[in-house]
Amino acid sequence: SQQGEEDPQALSIQEGENATMNCSYKTSINNLQWYRQNSGRGLVHLILIRSNEREKHSGRLRVTLDTSKKSSSLLITASRAADTASYFCARSDTGRRALTFGSGTRLQVQP
Amino acid sequence: DTAVSQTPKYLVTQMGNDKSIKCEQNLGHDTMYWYKQDSKKFLKIMFSYNNKELIINETVPNRFSPKSPDKAHLNLHINSLELGDSAVYFCASRGAGANTGELFFGEGSRLTVL
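The listed protein sequences correspond, in order, to chains X and Z. For what it's worth, our numbering labels the leading residue of the first sequence as 33, then goes sequentially. For what it's worth, our numbering labels the leading residue of the second sequence as 2, then goes sequentially.
Check each hint, because a few of them may be wrong.
[What the hints assert, rightly or not] Each computed BS3-like pair below joins lysine-lysine, with the alpha-carbon atoms no more than 27 Å apart: (1) 41/Z <-> 10/Z; (2) 20/Z <-> 37/Z; (3) 53/Z <-> 10/Z; (4) 20/Z <-> 41/Z; (5) 58/X <-> 45/Z; (6) 37/Z <-> 58/X; (7) 42/Z <-> 20/Z; (8) 58/X <-> 42/Z; (9) 88/X <-> 58/X; (10) 41/Z <-> 58/X; (11) 53/Z <-> 68/Z; (12) 102/X <-> 41/Z; (13) 23/Z <-> 53/Z; (14) 42/Z <-> 68/Z; (15) 102/X <-> 45/Z; (16) 72/Z <-> 23/Z; (17) 37/Z <-> 23/Z; (18) 68/Z <-> 20/Z; (19) 23/Z <-> 42/Z; (20) 101/X <-> 45/Z; (21) 88/X <-> 102/X; (22) 42/Z <-> 102/X; (23) 101/X <-> 42/Z; (24) 41/Z <-> 23/Z; (25) 10/Z <-> 42/Z; (26) 68/Z <-> 45/Z; (27) 20/Z <-> 45/Z; (28) 23/Z <-> 68/Z; (29) 37/Z <-> 102/X; (30) 37/Z <-> 72/Z.
Hints are computed from structural coordinates only; laboratory data are not their basis. Being a predicted model, the structure only gives us computed values, none of them experimental.
Required output: the full structure, derived from the provided sequences and hints.
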């Protein structure tokens, strides 16, 4: 199964700015999830959006899903230096019992 | 009270050696996974067990052998280590009846083969 594509690969912004990361895929999905990985640490689940949902919010996070375009985006508003990390989308493909991860976006938030 | 714990965190060894990584979860989850993260940060599924039964076995060399003595533990044994096995190996778990839910990851085990 193909890994998803994420863009940009790397993003550098100033504190207070918004950060947008995109994820594209080619399969049929049950849901799409976003994870965060701090340097040298494990992945932490951020948010899950089901295939019949279009938008979801959690604190400063906003996720959208467009199943017709097979794409999702993660928006982090009012970014903070502590948001510096790698962000991965992960899809739950129909009929598959493991998540397939995208290539990740490395976000650097400058204080 | 770490949810998913892996040991060791770091492992440096010579080519040809055999090594094991252990994983334990105290979340009461039924399904556990091993993922491999390479130097470019790509994460790839290797194995999955559900209640001690192997349910996913991706195209992984048979030098890699997972073992699940009970549903709270999933260990990974690697024989005849090669340079290309150098990576970070992550254990993860997922709750019962949650085929599509979130994964809980351990902190990773960084394997370096010299």
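Tested hints:
1. 41/Z <-> 10/Z: holds, 19 Å
2. 20/Z <-> 37/Z: Holds, at about 15 Å.
3. 53/Z <-> 10/Z: holds, 24 Å
4. 20/Z <-> 41/Z: The given pair, whose Cα atoms are some 23 Å apart, holds under the 27 Å limit.
5. 58/X <-> 45/Z: Judged against 27 Å, a Cα distance of about 17 Å means the pair holds.
6. 37/Z <-> 58/X: Within the cut-off at roughly 22 Å; holds.
7. 42/Z <-> 20/Z: holds, 22 Å
8. 58/X <-> 42/Z: Judged against 27 Å, a Cα distance of about 21 Å means the pair holds.
9. 88/X <-> 58/X: holds, 21 Å
10. 41/Z <-> 58/X: holds, 22 Å
11. 53/Z <-> 68/Z: The hint holds at about 8 Å.
12. 102/X <-> 41/Z: Holds, at about 24 Å.
13. 23/Z <-> 53/Z: Measuring from Cα to Cα gives roughly 15 Å; hence the hint holds.
14. 42/Z <-> 68/Z: holds, 25 Å
15. 102/X <-> 45/Z: holds, 21 Å
16. 72/Z <-> 23/Z: holds, 13 Å
17. 37/Z <-> 23/Z: holds, 14 Å
18. 68/Z <-> 20/Z: Measuring from Cα to Cα gives roughly 13 Å; hence the hint holds.
19. 23/Z <-> 42/Z: holds, 21 Å
20. 101/X <-> 45/Z: holds, 24 Å
21. 88/X <-> 102/X: holds, 16 Å
22. 42/Z <-> 102/X: The given pair, whose Cα atoms are some 23 Å apart, holds under the 27 Å limit.
23. 101/X <-> 42/Z: holds, 26 Å
24. 41/Z <-> 23/Z: holds, 24 Å
25. 10/Z <-> 42/Z: Holds. Residue 10/Z to residue 42/Z sits at ~17 Å (cutoff 27 Å).
26. 68/Z <-> 45/Z: Holds, at about 19 Å.
27. 20/Z <-> 45/Z: Given that 27 Å is the threshold and the Cα spacing comes to 20 Å, the pair holds.
28. 23/Z <-> 68/Z: holds, 9 Å
29. 37/Z <-> 102/X: With a Cα-Cα distance of about 25 Å, the restraint between residue 37/Z and residue 102/X holds, given a limit of 27 Å.
30. 37/Z <-> 72/Z: holds, 21 Å
Hint compliance for this structure: no hint is broken.
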